[in-house]
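A.B. asks: Sequence:
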Amino acid sequence: MSQSWPIVFMGTPAAAAVSLERLLEGPDPVVGVVTQPDRPVGRGQKTVPAPVRKIAESHHKPVLTPDRIRDPDFLEALKHWAPRLIVVVAYGRILPRSILDLPPAGCVNVHYSLLPKYRGAAPVPWALLNGEERSGVTTMKLVEKMDAGPILMQEEVPIALDETAASLEAELNSVGARLLSETIRRLKEGSIVAKPQREEEATYAPMLKKVDGQIDWTQSAEIIERRVRAFHLWPSTYSFWNGQLVKVFKAAVVGAEEEAAAGEVVRADRGGLWIATGRGILSLEEVQLENRKRLPVAEFLKGAKIEKGERL
RNA sequence: CGCGGGGUGGAGCAGUCCGGUAGCUCGCAAGGCUCAUAACCUUGAGGUCGGUGGUUCAAAUCCACCCCCCGCAA
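In terms of this note's numbering, the first sequence opens at residue 3 and continues consecutively.
The reader is advised that the hints may include incorrect statements.
Stated by the list, open to error - Below, computed lysine to aspartate or glutamate pairings styled on DMTMM-like, alpha-carbon distance capped at 25 Å:
1. K310 / E292
2. K249 / E184
3. K295 / E261
4. K147 / D164
5. K295 / E260
6. K212 / E292
7. K63 / D75
8. K119 / E27
9. K310 / E261
10. K252 / E184
11. K307 / E292
12. K48 / E78
13. K147 / E203
14. K252 / E134
15. K147 / D73
16. K211 / E301
17. K252 / E224
18. K147 / D218
19. K119 / D69
20. K63 / D103
21. K119 / E224
22. K197 / E224
What the hints assert, rightly or not - Quick list of the computed label-pair ranges, beta carbon to beta carbon:
23. P74 / E292: 33 to 41 Å
24. A84 / R188: 20 to 28 Å
25. K304 / E260: 35 to 43 Å
26. E23 / E260: 24 to 32 Å
27. R41 / A150: 49 to 57 Å
28. A168 / H61: 39 to 47 Å
29. P31 / W236: 29 to 37 Å
30. K48 / E224: 38 to 46 Å
31. P198 / E312: 38 to 46 Å
32. A123 / S222: 43 to 51 Å
No wet-lab data here; the hints were simulated from the structure. Even glycine gets a Cβ: it sits at the ideal position worked out from N, Cα and C.
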């Protein structure tokens, strides 16, 4: 009954690449892909193509990487592709009205939260940081205001007690890819009624900064442990010892009491590496010293002469 | 040419500046103590010190090049 819809995909990071791969399986043709220009990345400032670009090129799809989203030449090229629908997943830029209005079926966005909660750039870490019990994926129609468009479909994902940003994002990637193709299928058959978001319930998940990862030991052990899981992918949770950067990749709240100042080492032996916090004790379980490998704390303690009473 | 750190017995590290018989905390093996133990005591096995070349009477250590790993940055 419904014919196939030519689709243009816009996205950049690995999370978006998962959705793109799913779309490439059909049934609708991906007629073009838009992603951010390659940028110098990593040690030695090598220029590496964005994940979405790699996928697109391996499928021999035309790719555009406009420096400026309002570039007239880019808009012309987009029109030339004549998409019926544009799919946007973590493209990294706000789209102007000229693009939103271009495809007859509009623009669909995939967002990793249960909108209207956690609008913005970093919904995954913020959900973990706040100790949420569930997250999810929402597909919506794009409007000019960020993540505020009417909801098409939504699916919940429970958050485990030991969930990290990495594990949750992986889960949301696969749910998101599936929900996206489901959303397109139902859009084509006209069986979705877009539901406006309840503005009064909106919350925001702003982009993280590097310094957000630095541990404030006066916070409670429980909160710090959440930060470790929330910032697992980026910016990672860190502190300093002897002037050296120490990243914490895994930690646990210890059910014990100890008289010590926040940030003081209260134990560093076979039993583990325990640090006093503003409330409770945090056991560091996987750490990485600057320039060193990431190690289980038992290994770390064999080489590092860290002792009770020192401060982080 | 973005900045910087590191590769030393199975693991994590010290030793490198000021060349000269390889050390620490563990692990492993055997024995001992113990009701017992991840505890303690003895003894032991295990290393061409990332690779190649150079300097030197002598190189983990100095010089050159190469390989691999990592922190910052993005």
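A.B. asks: All the hints need checking, so say for each whether the structure fits it.
C.D. replies: Checked hints:
At roughly 21 Å between alpha-carbon atoms, K310 and E292 fall within 25 Å of each other, so this suggested pair holds. Our distance criterion of 25 Å between C-alpha atoms is broken by K249 and E184, whose separation comes to about 40 Å. Restraint check for K295 and E261: not satisfied, since their Cα atoms lie roughly 32 Å apart, outside the 25 Å limit. The suggested pairing of K147 with D164 is violated, with an alpha-carbon distance near 34 Å, which exceeds 25 Å.
Of the pairs offered as hints, the one joining K295 and E260 is violated, with about 30 Å between alpha carbons and a cut-off of 25 Å exceeded. Of the pairs offered as hints, the one joining K212 and E292 holds, with about 16 Å between alpha carbons and a cut-off of 25 Å not exceeded. This hinted pair checks out: K63 and D75 have alpha carbons roughly 19 Å apart, not beyond 25 Å. About 31 Å separates the Cα atoms of K119 and E27, which puts this hinted pair outside 25 Å; it is violated.
Taking the CA atoms of K310 and E261, the gap is near 12 Å; set against the 25 Å cutoff, the hint holds. Under the criterion of a C-alpha separation no larger than 25 Å, the hint pairing K252 with E184 is inconsistent with the structure, at around 36 Å. Between the alpha carbons of K307 and E292 the distance comes to roughly 15 Å, so the proposed pair stays at or under 25 Å and holds. Between K48 and E78, the direct Cα distance comes to roughly 31 Å. Violation of the 25 Å bound is thereby established for this hinted pair.
For the given pair, K147 sits about 15 Å from E203 by alpha-carbon distance, which is consistent with the 25 Å threshold. Of the pairs offered as hints, the one joining K252 and E134 holds, with about 19 Å between alpha carbons and a cut-off of 25 Å not exceeded. Under the criterion of a C-alpha separation no larger than 25 Å, the hint pairing K147 with D73 is consistent with the structure, at around 21 Å. This hinted pair does not check out: K211 and E301 have alpha carbons roughly 30 Å apart, beyond 25 Å.
With a CA separation close to 13 Å, the supplied pair K252 and E224 stays within the 25 Å bound. For the proposed pair K147 and D218, the alpha carbon gap of about 34 Å is over 25 Å, so the pair is violated. The straight-line distance between the Cα atoms of K119 and D69 is roughly 31 Å, outside the 25 Å bound, and the hint therefore fails. Pair hint K63 plus D103 holds up; C-alpha atoms about 23 Å apart against a cutoff of 25 Å.
Under the criterion of a C-alpha separation no larger than 25 Å, the hint pairing K119 with E224 is consistent with the structure, at around 23 Å. Annotation: proposed proximity of K197 to E224 is violated, straight-line Cα distance about 37 Å (limit 25 Å). Our hint of 33 to 41 Å for P74 and E292 is violated, since their Cβ atoms are close to 48 Å apart. The hint said 20 to 28 Å for the Cβ distance between A84 and R188, and at roughly 22 Å that hint holds.
At roughly 23 Å, the beta carbons of K304 and E260 sit outside the given window of 35 to 43 Å. As the Cβ distance of E23 to E260 is approximately 50 Å, the hint placing it in 24 to 32 Å is violated. At about 28 Å, the CB distance of R41 to A150 disagrees with the hint of 49 to 57 Å. Here the CB-CB span from A168 to H61 is close to 26 Å, at odds with the stated 39 to 47 Å.
One distance hint, 29 to 37 Å for the beta-carbon pair P31 and W236, holds here, with the actual separation near 34 Å. Judged by the Cβ atoms, the range 38 to 46 Å given for K48 and E224 holds: they are separated by roughly 40 Å. At about 55 Å, the beta-carbon gap between P198 and E312 misses the expected band of 38 to 46 Å. One distance hint, 43 to 51 Å for the beta-carbon pair A123 and S222, is violated here, with the actual separation near 26 Å.
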